[in-house]
Each structure stands twice: as structure tokens, then as C-alpha cells.
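J.: Residue numbers (this note's numbering), protein chains in the order written: chain A, 91 to 351; chain B, 357 to 646.
Derived by calculation from the structure, the hints in this document are not laboratory data. It is possible that part of the hints are untrue.
[What the hints assert, rightly or not] A few chain B residues facing chain A, derived, Cβ under 7 Å: (1) Leu-523; (2) Glu-525; (3) Ile-528; (4) Leu-530; (5) Leu-544; (6) Ala-597; (7) Thr-598; (8) Pro-600.
[Claimed, not checked] Here are the simulated distance ranges between beta carbons: (9) B/Lys-453 with A/Asn-177: 21 to 27 Å; (10) B/Met-357 with A/Ala-277: 49 to 55 Å; (11) A/Asn-177 with B/Val-431: 44 to 50 Å; (12) B/Gly-489 with A/Asp-155: 49 to 55 Å; (13) A/Lys-229 with B/Val-619: 50 to 56 Å; (14) A/Val-214 with B/Gly-517: 29 to 35 Å; (15) B/Ser-631 with A/Ala-277: 26 to 32 Å; (16) B/Ser-631 with A/Asn-239: 27 to 33 Å; (17) A/Asn-239 with B/Phe-377: 52 to 58 Å; (18) B/Gly-490 with A/Asp-243: 53 to 59 Å; (19) A/Ser-288 with B/Leu-460: 49 to 55 Å; (20) B/Ile-628 with A/Ala-277: 31 to 37 Å; (21) B/Gly-517 with A/Glu-99: 41 to 47 Å.
A quick note: this is a predicted structure, and the numbers were derived from the prediction, not measured. All C-beta atoms in this analysis are idealised placements derived from N, C-alpha and C, irrespective of residue type, glycine included.
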Amino acid sequence: MATVDKINEEIDLEVKNFSFRYAGSETNSLKNVSLPIAKNKVTALIGPSGCGKTTLLRSLNRIHDLYHGNKYFGEIKFEGHNILDENEDLIHLRTRIGMIFQKPTAFPMSIYDNVAYGLKLQGVRDHKILDGKVAEALKGGALYDEVKNRLHDDADSLSGGQQQRLCIARAIAVEPEILLFDEPTSALDPISTIAIESLIKSLKDKVTIVIVTHNMQQAQRISDYTAFMYLGELIEFGKTSKIFSNPDEDLTKQYISGKFG
Amino acid sequence: MTSSTKRKIINKFVLSLSTIFAIIGVAFLFWILFVLLKNGFSALSVNMFVEDGAPPGTEGGGLRHAIVGQLILAVGATVLGVPIGILAGTFVREYGKKSQFADLIRDLSDIMMSAPSIVIGTFVYALLVAPTGGFSGYAGITALAIMMIPIILRTTDDMLGLVPNSLREAAIALGAPKYKMILDVVYLGARVGILTGILLGIARVAGETAPLLFTSFNSNFFETDLAEPIASLTVTMFNYATSPYEDWQSLGWGAALILAGFVLGLNILGRIWLSFHHITRKKILKKRKR
Numbered sequence: 091m092a093t094v095d096k097i098n099e100e101i102d103l104e105v106k107n108f109s110f111r112y113a114g115s116e117t118n119s120l121k122n123v124s125l126p127i128a129k130n131k132v133t134a135l136i137g138p139s140g141c142g143k144t145t146l147l148r149s150l151n152r153i154h155d156l157y158h159g160n161k162y163f164g165e166i167k168f169e170g171h172n173i174l175d176e177n178e179d180l181i182h183l184r185t186r187i188g189m190i191f192q193k194p195t196a197f198p199m200s201i202y203d204n205v206a207y208g209l210k211l212q213g214v215r216d217h218k219i220l221d222g223k224v225a226e227a228l229k230g231g232a233l234y235d236e237v238k239n240r241l242h243d244d245a246d247s248l249s250g251g252q253q254q255r256l257c258i259a260r261a262i263a264v265e266p267e268i269l270l271f272d273e274p275t276s277a278l279d280p281i282s283t284i285a286i287e288s289l290i291k292s293l294k295d296k297v298t299i300v301i302v303t304h305n306m307q308q309a310q311r312i313s314d315y316t317a318f319m320y321l322g323e324l325i326e327f328g329k330t331s332k333i334f335s336n337p338d339e340d341l342t343k344q345y346i347s348g349k350f351g
Numbered sequence: 357m358t359s360s361t362k363r364k365i366i367n368k369f370v371l372s373l374s375t376i377f378a379i380i381g382v383a384f385l386f387w388i389l390f391v392l393l394k395n396g397f398s399a400l401s402v403n404m405f406v407e408d409g410a411p412p413g414t415e416g417g418g419l420r421h422a423i424v425g426q427l428i429l430a431v432g433a434t435v436l437g438v439p440i441g442i443l444a445g446t447f448v449r450e451y452g453k454k455s456q457f458a459d460l461i462r463d464l465s466d467i468m469m470s471a472p473s474i475v476i477g478t479f480v481y482a483l484l485v486a487p488t489g490g491f492s493g494y495a496g497i498t499a500l501a502i503m504m505i506p507i508i509l510r511t512t513d514d515m516l517g518l519v520p521n522s523l524r525e526a527a528i529a530l531g532a533p534k535y536k537m538i539l540d541v542v543y544l545g546a547r548v549g550i551l552t553g554i555l556l557g558i559a560r561v562a563g564e565t566a567p568l569l570f571t572s573f574n575s576n577f578f579e580t581d582l583a584e585p586i587a588s589l590t591v592t593m594f595n596y597a598t599s600p601y602e603d604w605q606s607l608g609w610g611a612a613l614i615l616a617g618f619v620l621g622l623n624i625l626g627r628i629w630l631s632f633h634h635i636t637r638k639k640i641l642k643k644r645k646r
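Starting from the given sequences, assemble the full structure and let the hints guide the process.
T.: Okay, structure coming up:
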């Protein structure tokens, strides 16, 4: 049974007895996972490849629904209700819970239009409001100074690290409550990685962050809480400092000391 | 002889053979083009563009009716075929995905692409010409559109398939409904490919004669009423070239030249479009390096 430490924080998102099965699979990829996500904190999901951390992350905004036949079991509570409900308004949910992907996913349009896209989806049409919000989001994404003179250039003209910050700016433009990061720096160089990491740390005043990472140092550097997963199960959840210095579970100990993974 | 010299000799031999055959292939193409240009240009005159068909035996006569008719047919087929092709291609890729139904549509359009065009002509004849009791521009447009739809369907399908799923997920993750995701992001990512597919589709049907023989038939008069038989460059060319009158044969050469120019122009336009896109990309890449 997993060790899940009680935490003394306001809870933003609560995963309860959650299991997940991919379409066409006979077995559950996630097995009975329960953990709290603390508000305005960074929670890191770590574990070896195939442990289900990305599957869990992608359940939190139900992006699995894009593909038919995937099944959720259990509960994920957000703002007082279960987001796994059949009647859940997924479009609303995804404006409240944003996502940043492993590879930068800039749309084939201008820098400005990329950031404005989410706002336009919400019906913001006024150019003055859009201009202001786009600039604000780009500042929030620590990209504004680099692009302020070429907002209408193609987003493809940015470097990979800049594109990833653009994606972050695009996600925060719609002012979500939670941001999900799926290994956001694994495709980036070290300097861009540092930029993204400090950005994530500065963002947590405004949003709750859940981040999947392969990099244990990264989890240590930026997260407040860490969940260690293995073979679709949550093994241990607790304060990052504790998980990395004095974990309760043997498996966690072995993983963080590099014995497997 | 060492195995290495043997290999080199075989290499030389096969390379020479393939070069010779490549030259033969291209030589025929240039031969056709040369004959076409020679006879076509000597037939070209201003009258050809301003006069309509003349009765046999009389002097003069032009191709205005056929050029306008051809344009009407091509534009009509495009207006009818492109939306259907794009929407069907979008359904197959974005909604049907790997379902049996989607695969059936894919297979059927592959078969339709290789269907003899005269069969499509007779099909439309049975559907639109025989019941209404007459050849018409509408029937011609329908036949050409039917030929165009599978081409555009398959290119749209393939081009949408090249758009990475990560872009779709990113749009969905921002709270985009699926139709907005397709309209705003997926089409944008595939627009060059889809446009090229449309141009290829138009170029493909613009050169068709067989499906028009049974549908729009032909006319020696300037006609813009789609309910009437309409002239086309292809059928006109066929009629004139097989006629015994020399000035008609010469008009046939002119029609062939104009038609070839039209199709070639469309192809070149498509390629310029593509390479223009590449050039702007390269410029951006250069900028990034600086």
C-alpha cells in the first residue's frame, strides 16, 4: 500500500481511488491512485518510463477523451465536483486546467495570434483588451522582452526554448487555476531549461502546478511535493524534501538512489 | 578480374542504361511539346480568342466559345467538388479515423481515382442527361466534380495526417471545441498541402474529354447557360482535329496549345506556391541562426 503523507495545505485537486485503462487494453494502466494536489504549490510526478505519470497528468484535464475508448474509474475532485463525470463540461474544464507539452506546440501562426488564441476562443474580440492580455501573458511567460518588437512574426521563427515559453504564455493567458506540465524541458537545452524552471517557480503564486519529470534533480529544484509512481501505482507521496532525503518506502529509496529506472 | 572492377563495370553498364531510358522518356515529352508548340503557335491568332466557332467551309472562326465554356466547366466543377472533397477528407481523417467506414471511403475513392473517365461520363449521362432529355453544362460540371472529389479527398486526408497530434492536443488543451481545433489549427497546418491538392485536382479534370462527351457534349456557339450543351476545349479539340477541314485542324492545334498552357500554368502555380512557402521558411531559419 502506498504511503501518502497528510499535507497541511489547501487542496486544489483531489485524486481518489483513480484507475485508468487505455482503449483496447486488458489491464489498467493506473491502479487505484489517490493523492492530493496542493493549491499554489508545485507537485512533481516522478518514476521510471511507463509508470503512468504522464497518463495520470493527462487525466487531470481529460485530454485522453480526444481518443475513443479510454476509460476512467474513481474520482478526481476539482472545485467541489468530480471531473470524471460524464456530464463534465470539458471545454470549461480545460480553460481552468491548462497544459504544457513535452515538445513545444506553437501553432502555425504569429506569436501574437498564438497567445491570443485561447482568449479568442473565450469570445474576447476587443483588440485593446487582447493587446493588453497578450502582453501580460508574454511577460508572465518571461518572453515579452525578446519578442515585443516582432509580435506578428511567425511563431516558428522562435527557438525551441522560446517556443516552450510561448506555449506557457499561451496557457496562462486564459488565467487557468492549474497548469499541467508534461516533461516541459526534456526537449530543451540547459539554458532554456533553467529559464523554464525559474518561470515555473515564479508562476506558483498564481497557479497550481503539476509537473511530470524524468529528471530527479529538476523535481528537487522546483517542486514542493513529489509523488513517486511505479508500474501504474502510486508508491509514495509527500514533501519533496522528505521524499528525496528520507522516504518511507524501499522502492522510493532505490529509485532516488538510481538503483533502477 | 577482381570483384571490385566487376562491380564497377556492372555499375557503369546499368547506370548508362538507366540514363539512356530516362533520356528516351524525356525526349518523347519534349517531342510532344515541340510539335504542339510549333503547330499551336502557327495556329494562334487574335481571332481565336474573340471569335466563336464558324460553320465548316466558311473562313475564320475562333475558340472563344470553347475557352469560356472550359473555364465555366472548370470553375463549376471546382465550386462543386472542392468543398465536398475537403469535407469528406476531413471526416475521414478527423472523425472516421481508423473505423471501417472511413477505410471504406478511402478504398472507394482510390478506386474512383483509377476509374475510366468515360465510365463516369456514362454514369452522369444516365443520371442527369437521359432523364432531363438533353446534354447540359450542369451534367458536365457534375462529371468533372465526380472525378475531382476523390483526388481532393485523398490529398486532404493525407495532408491532415501530416499535422502532428501534438498540435491537436494543444488546441484541445486550451479549451477549443473539436470543430474549432480543425478550423483554426489543423487546416492552418495543412493549408499548403490542401491547396496543392486542389490545384492538382483542377489540372487533372481540365484535360478530360471522355466524361464531357456524354454530358456537356459540345456546342459551336457561345453559351453561358448551364442548362444547355456547352463547348469545352477538349471536346472541341477532338472534333476539330478529326475533321477534314484544314482551318478546323489548325484551330484544334490552337485549342491543344491553350489547354496545355492552362494545365501547365496551374501546375507551375502550384509549385511556385509550394516553393514560395519553402523560401519564407528558409528565410525564417536564416533569421534564427543570426
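J.: Against each hint, give a clear statement of whether it holds in the structure.
T.: Hint check:
1. Leu-523: holds, 6 Å
2. Glu-525: holds, 6 Å
3. Ile-528: holds, 6 Å
4. Leu-530: holds, 4 Å
5. Leu-544: holds, 5 Å
6. Ala-597: violated, 47 Å
7. Thr-598: With a closest approach of 51 Å, the B/Thr-598 hint is violated.
8. Pro-600: violated, 58 Å
9. B/Lys-453 with A/Asn-177: 21 to 27 Å: holds, 25 Å
10. B/Met-357 with A/Ala-277: 49 to 55 Å: holds, 53 Å
11. A/Asn-177 with B/Val-431: 44 to 50 Å: holds, 48 Å
12. B/Gly-489 with A/Asp-155: 49 to 55 Å: Taking Cβ atoms as reference, B/Gly-489 and A/Asp-155 lie about 54 Å apart, which means the hint holds.
13. A/Lys-229 with B/Val-619: 50 to 56 Å: The hinted range 50 to 56 Å holds for A/Lys-229 and B/Val-619, with Cβ atoms some 53 Å apart.
14. A/Val-214 with B/Gly-517: 29 to 35 Å: The hint (29 to 35 Å, Cβ to Cβ) holds, given that A/Val-214 and B/Gly-517 are roughly 32 Å apart.
15. B/Ser-631 with A/Ala-277: 26 to 32 Å: holds, 29 Å
16. B/Ser-631 with A/Asn-239: 27 to 33 Å: holds, 29 Å
17. A/Asn-239 with B/Phe-377: 52 to 58 Å: Because 56 Å falls inside the window, the suggested range holds.
18. B/Gly-490 with A/Asp-243: 53 to 59 Å: For A/Asp-243 against B/Gly-490, whose Cβ atoms are near 57 Å apart, the range 53 to 59 Å holds.
19. A/Ser-288 with B/Leu-460: 49 to 55 Å: For B/Leu-460 against A/Ser-288, whose Cβ atoms are near 53 Å apart, the range 49 to 55 Å holds.
20. B/Ile-628 with A/Ala-277: 31 to 37 Å: At 34 Å between Cβs, range holds.
21. B/Gly-517 with A/Glu-99: 41 to 47 Å: holds, 45 Å
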